[in-house]
Every structure is written in C-alpha cells, then in structure tokens.
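J.: Line order of the protein sequences matches chains A and B.
Per the working numbering, the very first residue in the first sequence carries number 7; after that it's consecutive.
Per the working numbering, the very first residue in the second sequence carries number 31; after that it's consecutive.
Hints in this document: simulated from the structure, not taken from any laboratory.
It should be emphasised that the depicted structure is a prediction, and the values quoted were computed from it without experimental measurement.
Some hints here could point you the wrong way.
Now the stretches of chain A that chain B is said to cover, found in silico as 3 or more residues with beta-carbon under 8 Å [claimed, not checked]:
1. 21-34
2. 254-260
Using C-beta positions, here's what the derived DEER-type ranges look like [what the hints assert, rightly or not]:
3. A:ASP333 - B:GLY70: 48 to 54 Å
4. A:ILE387 - B:GLY156: 38 to 44 Å
5. A:PRO359 - B:GLN150: 41 to 47 Å
6. A:ASP52 - B:ALA179: 31 to 37 Å
7. A:GLU436 - B:ARG52: 52 to 58 Å
8. B:GLN150 - A:ARG494: 52 to 58 Å
9. B:GLU161 - A:LEU493: 25 to 31 Å
10. B:GLU161 - A:ARG494: 46 to 52 Å
11. A:ILE252 - B:GLU41: 51 to 57 Å
Backbone N, C-alpha and C fix where the C-beta goes; we use that ideal spot for every residue, glycine too.
As a plain string of letters, each chain reads:
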Amino acid sequence: MFRKILIANRGEIAVRIIRACRDLNISPLAVFSEADAAALHVRMSDEAYCIGAAASTESYLNIKKIIEVAQRASADAIHPGYGFLAENADFARAVTDAGLVFIGPTPEAMKVMGSKTSARRAAIAAGAPVVPGTTEALKSFEEARELAEKFGYPIMLKAAAGGGGKGMRQVASESELRSSLEAAQSEAAAAFGDSEVYLEKIVEKPRHIEIQVFADVHGNYVHLGERECSIQRRHQKVIEECPSPINDADLRQRMGAAAIKIAQAVNYVGAGTVEFLFSDVTRDFYFLEMNTRLQVEHPVTELVTGFDLVCEQINVAAGAPLSFTQDDVRWNGHAIECRVYAEDPDSSFLPSPGRITFLRVPSGPGIRDDSGVAQGDEVSIHYDPMISKLAAWGRTRSEAIDRMRRALDEYAVGGIKTTLPFFREIVRDEDFIAGKLDTGFIPRFQERRARQSERGHPARNEREARTERHIAIIAAALDYSDAQRSLRAGNHHVPQSKWRIAARERAVRQTTIRKSVFE
Amino acid sequence: MKLHAAIAGIETDVEIRREADRLHARVGDVEYQLNARQTGPGSYLLISDGHVFDCRVEGSTESGAPLAVFVGTRSFEVTLADPKRLRGSQDPSAHDDGAARIVAPMPGKIVRVLAEVGAQIEAGAGVVVVEAMKMQNEMKSPKAGTVSAVNVEVGATVNGGDVLVVIE
C-alpha cells in the first residue's frame, strides 16, 4: 500500500480524497496555489506545497511542478480528483514516467474516451447502442446537410474534444445549419484547440442516466448501478440521484452490462462513468460518453451501495483486486445530491465570489455534506464556484426528499449568494417530487417560478408575511443599535486576548530595558 | 431608538427599546414584545409570543447599500435611516489624495445642488441636498476647498455609496 499520496486538486474533492487517505492510514500531501494558501484542503493535510500563482494554468494545471513536488516529497502516487488534470492523458503518462502511480485509468484508455468521436467508435465496436449520428468529424457543410436530412431534425452539433457544454449547438431546421456549424466549430477551436465537430440526432426529452463502473488490474469488472443526472443548467449537472426515479432493475442490468462492455473495450482500470441518454417514450438508451475519472456526484452511489469509491480507487491503483464482486453489490434506499454553488440564482446564476462570513452546515439522520470551505474562507474568482455537495439518503425517494428539504432549510451561508434558495424551491416542486425529470427540467421550472411570482405567492398567509418583514426590520434595527453602541464605547471595551496583552507588556518591558542600556 | 426603515418597497418607522433580554419594538403601528439574544456577530434570536425567528444581518448601514436580513431561510433587503445621524454629522470621507468625496448615504433623489464646479467653499458649507425616505438631508463639505466635480443634477436618482461631489 502507498505511504503518501499527492492530491493534485483543491476544494471539496481534495478534502474528500484526504478523508479517504486518513481512512487508509496514508499520509495526504496537498498542493495549493497562492490564492489557496490557507484553504481547507491545505489545513487538513500533513504536508502542503505552493505550486504557483492563482490562475490554474500556473498552478493546478502545472504538470511539471506537481510531479517535481511529488518526487521531492517522496509521494508514492498522485490522485487527480476531477477537473484540472484528471482526464489529461499526458499528465497520466508523465506521472508513470516519473516512477509514480497515477490513480486512474491508463493514458491509452483516457485518450480513446477523451475524444467523443473515438469514444463513439469504441462503443459501437463493443456493441453498445449509440445515438444515431456520425463517428467521424464533419468534413463539410454538404456532408452535414445530407446527414441531418437522413437522421431528421432536430439534430445536435458537438465538439469532438468537448465537455461542459462548449462547442454544442442544437439545430432545429436546415436554415440554421450553416451558421450553427460555423459557431460550433469556432467555439470548439477556441475552447479545446480542436475545431472537429460531429453530428447527432436529438433524443427528445431525454433523461441523462449514467452507470458507475469499476475495474481492477486483474480483469475484474463490476457496475454500481445508475445515477440520474437529468437536472442540468448550461449542460452542467446540479442535482443527481441514485437510483433513477425510474428504478427499473431490468433496465439497470442491461445498462450495466453495456457499460461494462464499453469499459472492457478500452481495458479500463479504476472508477469510470458511462453516460447514456434515456428516452421515457421508447425506453431506449444510447451511449453518450465515458468519463475516465471519479465523478462529482459519486457520493449518491456511495450512500446507496455502501462502498467507498475513493478508497476503492486507491486500493485498485495499488494493485489490489476489487474488494467486492458484482454479486455483492446491493442498492439500498435512495440518495439525492445538490451541488451548492457560490452563484446568484436570481441573476442567471452569476458567480458570487467573496468571503464566507457565516456558515451553518446541516446534519442529522441521512445527511452528508462534502464541503471544501470553512467559515471565514474566501470563495475566489479563479476556480469553479462549487462550495459543497449536500447529499441526503432515505429508505425511499420520498424520504430522501423530505430529509433534503430539512437539510437545505438548515443550511446557512453568509457573505455570498448561493444556489441554496433555488434548491429549496426545487425540492418543493410537484414535477420534481413526482420524478418527472428530463434535461429540460430547469427551463420549465424557471417558467413555472416566473408565472408564480407574477401571481404572487398565494400560498403564504399575508399576516405571517408581514410579521416576517417586521421581524427583519427589528433585527436590522437591533444590529444598527449594537453597532452604534460599540462605536460610542470605543475599542477599549473590546475583550482582548490575554496572550496579546502579555505580549504587549513584554514588548514595553523590553523597550524599557533597551532604553536603559542606551542611556 | 427611533429609525426609518424601507423593505420591499414599503417605508415605515421602527422604534426599539431594550431592557436586558426583553425587547420592546414598534413597527408602524404594530407593537411587539420580544425576547432577543445575540447569538453571534450579526446573528439574533428573536422570540415573539413563542414564535422563533432565527435572524442574521449582513452589511452595515454605513456602506449605503441595503442590509441583507435573513429570517430563517427567507431573505429581505432592509434600508435604515437614523434621523439623528443624518442631520448634520456626515463622516468626512476624505481620501488619501486629499480630496473629499461626498457620498450618498442611501438610495435617494437629488433635490438641490448647491455647489458649482470650480467654486471655492468653506468647511461645513452645504453642497447637495438628497431626499431619502421622505427626509431631506443636506450634505456638507467636510473641508474648505475647490469643487472639482459635481456628478449629479437635480431630479437624479442615486444609489447608496454613489459619489455626488468631489472637493479638492
């Protein structure tokens, strides 16, 4: 087993990996940028080294520097987390070349799955269903026009090197095709340095369902069932669940088998996720892509299966066989995760950086919060604004929703805006409670909200609303009167640390002594 | 303590009086007898007739921006005005460069501009009159000098913190 692991990441995922290291009696080594010098992941580590300036290209993406630190501090392995260098095949190779273990799949598997076109080819070869479309980059507008005609509109244009919704364009009819193709190509070139774009038929009102797979170096493959990630905005997930509200054991079995075949096709090792689109209408599923890393939403699978995916990743990377077989995998209850972002849901999810002046984290039965921040921390403009992942487990989906609602109401973050108020509304939404989910959920939810606020909130009693307004005014007045009182009192009434007083007394004494020497 | 408050487009008077943990409050014509305890910086636990209100106040009235007040999970924007402090005693907002910036204490409307660019004025001279929450407030120059900028005109709406006049 490893003695020391370097964690090439920051925020909540670095904290999550540190916890796994502690469970396994491995010493965690953090790296940090100048902006993260006092970050939570640094405070929780045994060793920590600064690897550069705040901009991630200077620090968390600096391959050379990270490997240099790992060697100097004699780490045995590197865990990349997700994002940053997690799916960078060159990084994985550089780690191995330096004589260290990369906790993740081989660079070869990452390369195949890193390009959406080669991933589609691999999935087709493995016999998995794919969304009708091209496996090669489009060569011309003419080719795009013919293929779109063949599959039928609407179609989707996607960047081969894509991710995070960049280089994606939905095309409703032929008249939009030329401009959309050009836009997708230039966006892809700008974002990924690769203008390759391919074409897919659009599955209408799809659910986004993914299968967690795991493999070891001894040729064992298992799947841990599905996660439903249909609730997305800007093609980014915000709420995930395990299992899907569809909860169909036969479907899980078929999707799991397809996912394992795809993983086997690239000799996959470690934790991976195979994403599918699922149509409620036809009950067909189609391969979308494979993520060759630990997913943000892994906690919901952990809560329902009981396995620790990060510890399992580390064990497998150390050469051990998987600690469980397919027959050991049981799905118990239901888990839901909300990604808490430092964003303002009332101004189209604009990032809301700043200092966290107050933090109250929920707990109690069935609640888990994977956070990367503490009270007093600064949410920086340089990185992803996700501050924590709040997960709830219950015996049924309905119990999990009840617990999530309670936890969201307990959660309080001061100083910055967060997506918490938005989630508080979603868990009370009829369609969400009914499990009517697809990737168009958020736009529809926002429309329902807008209609509701036009009509006002009829559900709330006007007398209660007035009392709350009055209480808010009284609290504000109380705070103002306190501020005035402490201004009048001046600073000398502020209780001071005894250490500070002692230090000052000593300094005064020393000055006196020095003075007497000079005199 | 008597204050003016604005919340959700409604303006009202508020009066609070404290006796240890007891808080007597009147908002408009509604009276409240509360149990009030400070639970942390800006955090207050208010209990009114057995109803619990866990409150938190962010920001300060000095900044000019509205306060963000959380009552349980609900949030409100509250603007306070202290009639005692508004009349006269303006903070001399002198900057390092020696220029004095006259800043709007809260959102309001400009009702009069008394200074012209280039004019020599004495310390304490009125430069602009802002109306906020039905009160007119004459903003005075904290120092003698030359008016180097007048950023507003009569009738303009200003936000708390906006620089109205600069004196050098």
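J.: Now look at each hint and say whether the structure bears it out.
T.: Verification of the hints:
1. Check result for the region 21-34 of chain A against chain B: violated, 0 residues qualifying (beta carbon to beta carbon below 8 Å, three or more required).
2. Restraint check on the region 254-260 of chain A versus chain B: 0 residues with Cβ-Cβ distances below 8 Å, three needed, restraint violated.
3. At roughly 51 Å, the beta-carbon separation of ASP333 of chain A and GLY70 of chain B lies within the given 48 to 54 Å, and the hint holds.
4. A hinted range of 38 to 44 Å holds for the C-beta pair ILE387 of chain A and GLY156 of chain B, which are about 41 Å apart.
5. Taking 41 to 47 Å as the suggested C-beta distance range, the pair PRO359 of chain A and GLN150 of chain B conforms, at roughly 44 Å.
6. Judged by the Cβ atoms, the range 31 to 37 Å given for ASP52 of chain A and ALA179 of chain B is violated: they are separated by roughly 56 Å.
7. Separated by about 44 Å at the C-beta atoms, GLU436 of chain A and ARG52 of chain B break the suggested range of 52 to 58 Å.
8. Restraint check, GLN150 of chain B to ARG494 of chain A: a C-beta distance of roughly 36 Å breaks the suggested window 52 to 58 Å.
9. A beta carbon spacing of about 26 Å between GLU161 of chain B and LEU493 of chain A agrees with the range 25 to 31 Å that was offered as a hint.
10. Taking 46 to 52 Å as the suggested C-beta distance range, the pair GLU161 of chain B and ARG494 of chain A does not conform, at roughly 28 Å.
11. Taking 51 to 57 Å as the suggested C-beta distance range, the pair ILE252 of chain A and GLU41 of chain B conforms, at roughly 52 Å.
Of the numbered hints stated above, those contradicted by the structure are hints 1, 2, 6, 7, 8, 10, listed in ascending order.
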